[in-house]
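Chains as they are written, first to last, in our numbering: chain A, 1230 to 1717; chain B, 1372 to 1864.
None of these hints come from the bench; they were simulated from the model. Note that the structure is a prediction, hence the values are computed from the model and not measured. Just so it is clear, CB atoms sit at the ideal spot from N, CA and C, and this is done for glycine as well. Mixed in with the good hints there might be a few duds.
[To be verified] Label pairs and their in silico Cβ distance ranges: (1) A:1326 x B:1446: 33 to 39 Å; (2) A:1535 x B:1404: 29 to 35 Å; (3) B:1471 x A:1514: 46 to 52 Å; (4) A:1535 x B:1578: 56 to 62 Å.
Single-letter residue listing:
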Amino acid sequence: MEWTVCSIRDRIASGKLKSREAVERFFARIEKIEPQVGAFLTLLKETALEQARKVDEKTASGQPLGPLAGVPVAVKDNLCTTFGPTTCASRMLEHFTSPYNAHVIEKLLAADAVIVGKTNMDEFAMGSSTENSGLKKTCNPWDLSRVPGGSSGGSAAAVAARMCAAALGSDTGGSIRQPAGFCGVVGLKPTYGRVSRYGLVAYGSSLDQIGPIAQTVEDAAVLLNVIAGHDPRDSTCVSEQTAPVPDYTAGLEMPLEGLRIAVVESFLEGIQTEVRQAIEEALRLYQKLGARLVPIQMPHFEYAISAYYVIATAEASSNLARYDGVHYGYRSPRAGDYIEVYSKSRDEALGAEVKRRIMLGTFALSSGYYDAYYLKALKVRNLIRNDFTRAFEQADCLMMPVSPTTAFRFGEKTADPLQMYLADIYTIAVNLAGVPAISIPCGLDRQNLPIGLQIVTAPFTESMLLQIARMFESQTDWHTRMPVFAAD
Amino acid sequence: MAEKEYTIVVGLEIHVHLATRTKMFCGCELSYGQPPNTRVCPVCIGMPGVLPVMNRTAFEHAVLTAMALHCQIASFTKWDRKSYYYPDLPKNYQISQYDLPIGKDGYIEIPEEGGGTKKIRIRRVHLEEDAGKNIHDLGGYTAVDLNRAGSPLLEIVTEPDMNSPAEVRAMAEELRRIVRFLGVSEGDMQKGHMRFEPNVNLHIHRNGQIFKTPITEVKNLNSFRALEKSIAYEAHRQYEEFLETGQTLQMGNKKTFGWDDVQEVTVLQREKEEAHDYRYFPEPDLVPVRLTAEQMKELENRLGELPLQMQKRFENQYGLSAYDAGVLTAERATAEFFDRTVRLGAEPKRVCNLLTQVGLRIANELSVRVDQLHITPESLAKLAKMTDEGLVSATGANQIFEQIAREGGDPEAIAKERNLIQSSDSGQIEALVDAVIAEQPQAVQDVVQESKKAKKALGFLMGQVIQKSGGQANPKIVSQILQAKLEALKRKF
């Protein structure tokens, strides 16, 4: 674990390593590995070296360093940057550069991080395999014939293949946790409102949240320290008075005594056997560490996917209306009048899944259907929220799989979108409830594919969530495993 | 034919631009007439990833206006997205309010001819963001100017309670007075601060039956005059159309007309009301707005007396004409300044004349409010008293007012300094009167003999005395002495 965020940061701070060396080392790996993995849409070597040079100057002159000084990180391509394009992996924004930096980008830069590139994703974050990218194919470093998961597939693959120390992703229905699970790395979705969404290109505004993908729980905590906190530009971002931002690394090594873990028996039914076994194994380990299992019911969980695909698509249909070829982005050269500027530009530049979701959402909001779909979905959402509230009255956390299977093969689920949607059953309810959740590596299946354990806690208890995750990590070595392909 | 065979029925949809410093959901400055696309930022041009942040002042302005319109104020309200595609709407949805408007079920009281008032019911008042502007007259293409995009816009919808062009105009003017009085809008129709879109139809009474003509919505009205004229024109046009076609109001036969300001006619724009589905849903990027009882109270206190109430009070309490009271209550600053001055014991009509004839002129010239001039209610009250007591003439008072307004100072000191104190020394004045009587035998004779010219002659003699005094003799005392002397001469005669 020589190239984790913490290790790099410490070595740079103590003068043992130059940021430039770190950047060059990661770019050397990128040159070797990236052609087969395809994690990045844009590589930012020049700006990265420039950022590294500044850090090295600071170190040399003894100036104070930010908490990510000199650490090479990657960011998902739906986070706006003024350097390099922000494409959302869509042909619509293929040549679009943002006039401003996202809040989290400002935070990363202020923390002296080095941004090595922007990672591939499902177009506008709609998907669970990164196969919906309109611009590139990303492979799972553990098995190049398999998907990395999605929608933050590029970020997860880049971290798994150690092409960056850590990365940022976004999670609307599991888009951080599921690819982290498929790629054997740590993925954290913070509480809704913990991290400002300003500059995150919106998919489902009431569900979207930015979070870290990292090699270790501690790295995730360090990144969360940097990106969490109030931002007046995001009205849904919680104030420091309501929820102060603690130091998420503090107490990380302290095991929790008498931990109560909620489990839902049915969640382990009908899933890949090895996934089930790995989760059960993890639970046994926690029990060995003094935890107690609390069997609970989540009666409305089964409606989560239906509610999600109404709410997320309704919001998306409105959020994506601005990509119309008028002000920026792709404009069809075949458009005659302004109606055709809309219809042809959108038809030619948006992918099938994006169109499918826009149509679903448009339909759900249409006059005469609103009550039956959107309003009903909001009611279901409330019930699901209540399920979680009740769970956290009885237990400190909820544990379950990240997804029912390990990484699947390319094309395996593309023919049947519903099958793809259903695989997100364990991650989606978490977004509907707005609660924080983490995915940590907890095993490998027979084909040597990573399995993820998902831990969920109450709103704004990321400290405890990270502590719980660290308890497992400190007792196991799954997080140290690397895809053979990407070994040094 | 009956005197009035039909009733005109008009409801208004009104858009008022709020005079905040910045836009509704971003920090861009509100502007008018600036070069295109120079008052914009990523938020108001709908760049990917941006988020709106509510302008609290705009919200308060909206609540104040809704309160002034006697609406029920929502203590819990939220934002909704209204979806439609148009190039001047960068996000292709407008942030607006759908099912929980800031205000509902209110009314506005408008002055009627003959001194009474009429209540026009207000259906709803809600806040939204304005769109930009498409510019079509550039040749072969259309350009979009987004300076206006995201400006706070108040929408007010009335019930169809107006029944004449004059009433519609009175409603519009009263609303403008209210928003200016509250300081929530400049209310300039030419600059588009207020847009009125009337919905007009006729209820035609015939053979004991009522026939309703199809509703037309009239757009493109840039002045109160155009608003009034368009209603009269529409009434006439709809009546003729009814006589010709017999067409009555049906679902979906609402038409949209545009007002041609040159020809003074309405021109058909859209035959059928398009069935819009705006797909409203709650704006997920903004949190709901709650108004606490304390905040509500604080806004109510800021609301104070409404202009029409104040006008009526000035008429009844101070005996001012409707015209004078109307001028004084056009702006809150003027009205309150007047009220405070009068409460200090000054004579209302005197204060009104000074304020409206001199005060407003100078304020207008300096582009400030009356209360921002150097004159205070205290010094104005003193000046009014000095004038009433004859210490200074009315003309002198105007000069003193102007100097204090521009530079400040005490009325008495200025009157002395500028030699505007009128002489009330009867000995001195008596001497002048005697001199004039001696110099003007013809005029004296006209008065004494009570000829036809007597009144004119008396005025002439008065003028002569005041002229001799260099304008400083107190006219009251001059008149007293002159009349006494002439009476004596009459008796002698």
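Structure-based check of all given hints:
no., hint, verdict
1, A:1326 x B:1446: 33 to 39 Å, "44 Å, violated"
2, A:1535 x B:1404: 29 to 35 Å, "52 Å, violated"
3, B:1471 x A:1514: 46 to 52 Å, "51 Å, holds"
4, A:1535 x B:1578: 56 to 62 Å, "59 Å, holds"
Violated hints, listed in ascending order, are 1, 2; each of the other numbered hints is respected by the structure.
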